[in-house]
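Since the structure of chain A is provided, determine the placement of chain B with the ligands on it from the hints.
Residue numbers (my numbering), protein chains in the order written: chain A, 1 to 265; chain B, 1 to 311.
To be clear, the hints were calculated from the coordinates, so they are not data collected in a lab. Take these hints with a grain of salt, some might be off.
[As the list claims (entries may be wrong)] So the derived label-pair ranges between C-beta atoms look like this: (1) B:L277 <-> A:Q98: 35 to 41 Å; (2) A:K111 <-> B:A287: 39 to 45 Å; (3) B:L94 <-> A:N198: 41 to 47 Å; (4) A:K237 <-> B:N242: 50 to 56 Å; (5) A:S254 <-> B:G83: 48 to 54 Å; (6) B:L76 <-> A:L115: 17 to 23 Å; (7) A:I16 <-> B:F301: 34 to 40 Å; (8) B:K238 <-> A:K77: 40 to 46 Å; (9) A:S150 <-> B:N242: 24 to 30 Å; (10) B:A287 <-> A:Q98: 27 to 33 Å; (11) B:N242 <-> A:N198: 33 to 39 Å.
If you're wondering where the values come from, they're calculated on a predicted model, not measured in any experiment. We treat Cβ as the ideally placed atom computed from N, Cα and C, and that holds for glycine.
Spelled out from the first residue to the last, the chains are:
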Amino acid sequence: MLEIKNVRKTFNPGTINEKKALNGIDLRLEEGDFVTVIGGNGAGKSTMLNMIAGVYPVDCGSICIDGEDITHLSEYKRAKYLGRVFQDPMTGTAADMQIEENLALAARRGKRRTLRKGITAKERKEYRELLKLLDLGLEDRMTAKVGLLSGGQRQALTLLMATLKKPRLLLLDEHTAALDPKTAKKVLDITEEIVEKNQLITLMITHNMMDAIRVGNRLIMMHEGQIVVDVRGEEKKKLTIEQLLQMFEASSGSHFASDKAILSK
Amino acid sequence: MEIISQLFSALPGSVSQGLIWGIMAIGVYITYRILDVSDLTVDGSFATGGAVAVMLILNGSDLWLAMLLAFLAGMLTGAITGGLHIFMGIPPILAGILTQLSLYSINLKIMDKANQSVNVNQTDLLISLRWVKEFALHNPLITVGIILVLLIAVLYWFFGTEMGCSIRATGANVQMSRAQGINTNFNKVLGIMISNGLVAFSGAFLAQYQGFADVKMGQGAIVIGLAAVIIGEALFGKIFKNFALRLLSVVLGSVIYYIVIQAVITMGLDANMLKLLSAVIVAVFLAIPYWKKQYAQRHMFRKGKGGAENA
Ligand SMILES: Nc1ncnc2c1ncn2[C@@H]1O[C@H](COP(=O)(O)OP(=O)(O)OP(=O)(O)O)[C@@H](O)[C@H]1O
Ligand SMILES: [Mg+2]
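Pulled out of the complex, with its shape left as it was, chain B reads as follows:
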């Protein structure tokens, strides 16, 4: 009973975190599912978003301007990864790792030290974990919820435009796209930029939510993003066919991920084991389609043999 009531009181916080990371997960969805590229920039660009936003806020910038600049900074990191891939021929995974590594230094430079805090008592913020149970606009559930609805609407529109369709085509079939006159290199860079813009935007929200930005705040972000994508698809893939609903399922995947994590912690799991647990869960879910295929093949093989015996 104790545990359930603890869980219940932690719920608004878990859902808030899930929504904030959901923005990042949408970014991961764009590269991983739409562009068919595994982009590891995110661990760095997430922290870049947080760092840029916190430093601007500390210097008295308008809050939404800080969010916008965090988004643009994220796009810039994506442009670097895209550029390393397109102009220097480096495979996307490696290009992302290189950017991620260099961002560690850059984020330290932006913040001047490893950690910078923004105190809600001294500075005005868009959201804070302190307000999760308040019925007001600055409750993270409400602010981030509204932003997510707007974001999904804009992305739904964008991926239905000529340009957006050509990005989807690039991810679906590069050869066909080129044959249809699509600049696939440009599209890949653009897609990675949009993705990392969203990731940094999410980092900027998280920094305000937790009251600080940290160079390590993005560590393992890619795994959380993948977990959200995979959980969302596993649970809602059959019913959510529409593109906007698919994005929504990614966000729901992220929320569920955080509720589960919270539950596991409440039940007494050592918090240090969390990253291991996340990695194992993602690994298993990534393996499921492969196992399914193997199983189906073996099944077919047996059936084939059975047929021959009967003949």
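Excised from the complex, chain A in its bound form:
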């Protein structure tokens, strides 16, 4: 369970570049929640995920996972609760290291790194099986450098790494946005499969409204650093893009300002 209370964040306070990115976020995610997050450019979606992950400190408010207050835990320490996939395929993997080495690093998330072997023969077998499930042919290239993979392959690998040690929360920040439509669909399918199989609480930012409606059991919309729409269950499934835009205009008093989102409906 994730509980965020009154989280605020202002970048560059007191300067002409001052930017209120988060304006009092309250959010509670329960077991089985797969939440899609939409909103215009600069609405604060990425910032919200970065706050949960501890990339920057919050100005105020609290973040709890399963009742434990992680608000002031450093990024690497709270990583044990979190699986993360980023928009840029380069970010989630180490290009200069082998596929299996990347997986072995991820398998040790949340554990102390000792002087034991960085990767064992037993692990290699397990990784081979897991990579087979992705159906991208990676199981035969386990000692290849990740830098040689395509963007889609890297995102699929990052997904696997994020969930290799089951996280309490999976954070996806537009992780299909940099891919071509066909690859994006494949990676999204893999995402749904993995989330389903592991029953992960998930927050997924997307610019694709269709995906936002179709995937998951709950949808939130952000505007100017606040959550302005929160629909779930049956109501969410029946949503149309037009309704969504109307809801947005009603609650924020402005037009939905994202060309990408409109275009991708």
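This is chain B with the ligands only, laid out in the frame that chain A set:
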């Protein structure tokens, strides 16, 4: 003919120096290539190693204990650079320069003066340039050669452990490393410490080899280290893929560097011009990847234009 025979008789000495500096070059490889940090502490920590070893030996310490303490002193200098970077937010290059500068004073304090000699006739030493042509364990070629094999084996093992892999990951991608729960700050400090430990260890060998430690003995060490790394990669990068072999190629790079320097001196180059020559060589080699990229881009651009004309 004269020159060739001179070169040949100087060869054991050049190779010995190359091997000794090769240890330092491995230290540079760890920061420059694995951690992706340019650490300039080395010019100071190299002399620290020499100073610590010589003073201990003069005070009757066990020789290997002196080597160990020189290594630890080097790690300490690395901890200071790492600390300046991590806890005070100073960029690594500047942090290294600050440590290097302060080490100049500290090394003077350790030695009490700018130069301290250890005479092979009066003191027992692990190696000395006087023994380069002897067939015995204390021949620098043999002692340093064996130490290098052991060092490469230990580093190969270490960088394959969970901790070692996490250090490599830190250098490869900090964001990813943090997301995977790796304490990247700690790893950076640890990596810089190990690197400078090796650098000081190398300085401790060189001081015995040449029979003295000098506050200036590390001047330009970083350039020699980079030269070794770059020469090693340029010559063996295509065939040596394995990590242990990569470390070996750095050592070979250092040996080749010293043979070339020796050759240039034998052919009559003014020894005062050596540092300039080294700097120019390193600058050119550092520029090669950049030039290659530029060339490739221009090439692509032309091809692109050609395509448009055809269409
Ligand atoms: N590190 C930072 N420093 C300064 N300002 C920032 C920083 N990160 C984000 N911002 C600002 O905070 C606001 C929210 O940004 P955020 O990245 O969260 O938006 P987003 O909803 O993810 O938008 P997008 O759809 O474009 O990704 C933006 O105005 C952005 O410029
Ligand atoms: Mg964003």
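Comparing the hints with the structure gives:
1. About 39 Å separates the C-beta atoms of B:L277 and A:Q98, a value consistent with the hinted range of 35 to 41 Å.
2. The given range of 39 to 45 Å is respected by A:K111 and B:A287, whose C-beta atoms sit roughly 43 Å from each other.
3. Taking the beta carbon of each, B:L94 and A:N198 are about 45 Å apart, inside 41 to 47 Å as hinted.
4. Look at A:K237 against B:N242: about 54 Å separates their beta carbons, and that is inside 50 to 56 Å.
5. Range check, A:S254 to B:G83: Cβ separation about 49 Å, and the 48 to 54 Å hint holds.
6. Hint check: B:L76 to A:L115, Cβ distance near 22 Å, so the stated range 17 to 23 Å holds.
7. In this structure, A:I16 and B:F301 meet the distance hint of 34 to 40 Å, their C-beta atoms being roughly 39 Å apart.
8. Between B:K238 and A:K77 the Cβ separation comes to about 41 Å, which falls inside the hinted range of 40 to 46 Å.
9. Look at A:S150 against B:N242: about 26 Å separates their beta carbons, and that is inside 24 to 30 Å.
10. At about 30 Å, the beta-carbon gap between B:A287 and A:Q98 stays in the expected band of 27 to 33 Å.
11. Between B:N242 and A:N198 the Cβ separation comes to about 36 Å, which falls inside the hinted range of 33 to 39 Å.
Hint compliance for this structure: no hint is broken.
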